[in-house]
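For chain A, the structure is supplied; the task is to place chain B on it using the hints.
Order-wise, the sequence lines are chains A and B.
Start counting the first sequence at 1; every next residue gets the next number (the working numbering).
Start counting the second sequence at 1; every next residue gets the next number (the working numbering).
Please note: incorrect hints may appear among the correct ones.
Said to hold, decoys possible - Here are the computed lysine to any residue pairs in the SDA-like style, where the Cα-Cα straight-line distance is at most 20 Å:
1) Lys138/B - His95/A
2) Lys138/B - Asp138/A
3) Lys141/B - Val216/A
4) Lys141/B - Ser140/A
Unchecked claim - To be clear about the criterion: a stretch of chain A counts as covered by chain B if any three or more of its residues have a C-beta under 8 Å from a C-beta of chain B, and this derived list gives those stretches:
5) 89-101
6) 135-144
As the list claims (entries may be wrong) - A few chain B positions that, by computed beta-carbon distances, are all more than 12 Å from chain A:
7) Asn15
8) Asp40
9) Met48
10) Ser54
11) Asn60
12) Lys65
13) Asn157
14) Phe182
15) Ser202
16) Lys206
17) Pro222
18) Thr226
19) Trp229
20) Phe234
21) Ala241
Hints were generated in silico from the structure; no laboratory data involved.
All C-beta atoms, glycine included, are put in the ideal place defined by N, C-alpha and C.
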Amino acid sequence: MFRNQYDTDVTTWSPTGRLFQVEYAMEAVKQGSAAIGLRSRSHVVLACVNKAQSELSSHQRKIFKVDDHIGVAIAGLTADGRVLSRYMRSESINHSFTYESPLPVGRLVVRLADKAQVCTQRSWKRPYGVGLLVGGLDESGAHLYYNCPSGNYFEYQAFAIGSRSQAAKTYLERRFESFKESSREELIKDAILAIRETLQGETLKSSLCTVSVLGVDEPFHFLDQESIQKVIDTFEKVPEEEEDAGEGEAEPEAAAGTAEQGGSGDQDVAPMEM
Amino acid sequence: MTFTIPIDNGDAVKNAEADSQRTLYPYVTGTSIVAIKYKDGVLMASDMGGSYGSTLRYKNIERIKAIGKHSLLGASGEISDFQEILRYLDELILNDNMWDDGNSLGPKEVHNYLTRVMYNRRNKFNPLWNTLVLGGVKKGKSYLGMVSMIGVSFEDNHVATGFGNHLARPILRDEWHADLSFEDGVKLLEKCMRVLLYRDRSAINKFQIAKITEEGVTISQPYSLTTFWEFQAFHNPTAGAQGSW
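One chain only, chain A, in its complex shape:
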């Protein structure tokens, strides 16, 4: 995208019918580190890559619990994401208070989208620079939505956003048809494998990713390091049958070894880990 004379204001249309500021906001989403969501009939898994500003700092929180039955993963301007998560929590708890019943995720997503749309139609505002993967339950089961800075929202079986998300999307596209009937464990494994695709060569360790699950009989919660590492161990030691045949026998074992130490070491360094 190149600079042009129609991109200064969000309230200026281009002659070809585009709002460039909104599109630039969507670019901001692509700068954030990857976030992935997948769903089956009864469960939703949200996973993300833990990116830290520097070796000294802890990584940014990208997955938030909105309610027992709704979680959100963000990519882009984390500050905007935090504000929107707070809005979602507020809407959810207000609904629970009035109706003693969980807010259907589809209705929350529409409110979120309408809130984002406002920022595309006011000269004194700017669009939110964050994409949200909202996973949650309602009467018809588990759902996964993607909310865009443009104010659009889409429902997905599986999706990935953020930098290098295309690799994850390619993986998910190959496998998504089976997700509907997947078990909880298969879904989690697929999520972690999709995360691995975005790392492109970097060894996958449990300290590098955060994984959260929610389901019909399972309130939203994060998986602890050990559980994630166990899933990683089931595929990291075996040479890949898929196209990623680059890793030899010796490397995965060494990687698994350092993963063990690296994992526990990282736990000391990054207290922000869930």
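Here is chain B on its own, set in the frame of chain A:
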């Protein structure tokens, strides 16, 4: 900083003009509602009377109404406040339907919404002078609850309002059991309504029984119960009170 002198009618407790706007006493009232859970859902009974003080003025008031697809609302107390509540619920259900997304408000949600409304009005010293009974079925689960004018709310297998609390609930405590058939449920309710007809001076002999199941709501046509007045005690009512005034 500008200072404004408050001249609104907001303070319902102290402001004399606001006084005429808030509910102080009820005028046209309905008497008891009795409701029970049964095998397929919930049964609710009420008479069709609206009293104006001690006068039985209105004899065709429907005090049980369907709310959405899943709920029944019965009310005793001020009839105009009941109509106001029906307007609130109409708007609530309408907005719920407009989402058109496969989700709908069930009886639990409606009951809690009403609890919030009643309690909020009570806090502003402007109550809706009703005791409400909310029954319904959603996804196979029956629900029966009650809210009073001060916002006290609870669920139970059988509920009654007003005089029904004193006359009908003892009968229900003894004779209600889970999985009542429709016929047994109606018989039980009629037993309660008959007692209320004999003993509650604001009851009239014109009833409606409403049923709600997974399929939907049915409110019966008005009908009367048979009564028996030939009890010995009625022949000579003061027999046991010789010598007293």
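Verification of the hints:
1. Lys138/B - His95/A: Holds: Lys138/B and His95/A sit about 19 Å apart, inside 20 Å.
2. Lys138/B - Asp138/A: Holds, at about 14 Å.
3. Lys141/B - Val216/A: holds (18 Å)
4. Lys141/B - Ser140/A: Holds. Lys141/B to Ser140/A sits at ~17 Å (cutoff 20 Å).
5. 89-101: holds (count 5)
6. 135-144: Coverage by chain B holds for the segment 135-144 of chain A (3 residues, Cβ < 8 Å).
7. Asn15: holds (29 Å)
8. Asp40: Nearest chain A Cβ is 21 Å from Asp40/B, so the label holds.
9. Met48: holds (31 Å)
10. Ser54: holds (39 Å)
11. Asn60: Correct as stated: the minimum Cβ-Cβ distance to chain A is 34 Å, above 12 Å.
12. Lys65: holds (20 Å)
13. Asn157: Holds, since 19 Å exceeds 12 Å.
14. Phe182: Label holds. Min Cβ-Cβ 28 Å, cutoff 12 Å.
15. Ser202: holds (33 Å)
16. Lys206: Nearest chain A Cβ is 35 Å from Lys206/B, so the label holds.
17. Pro222: holds (34 Å)
18. Thr226: Holds, because the least Cβ-Cβ distance between Thr226/B and chain A comes to about 42 Å, which exceeds 12 Å.
19. Trp229: Non-interface label on Trp229/B holds, nearest chain A Cβ at 47 Å vs cutoff 12 Å.
20. Phe234: holds (48 Å)
21. Ala241: holds (52 Å)
Of the numbered hints given earlier, the model fails none.
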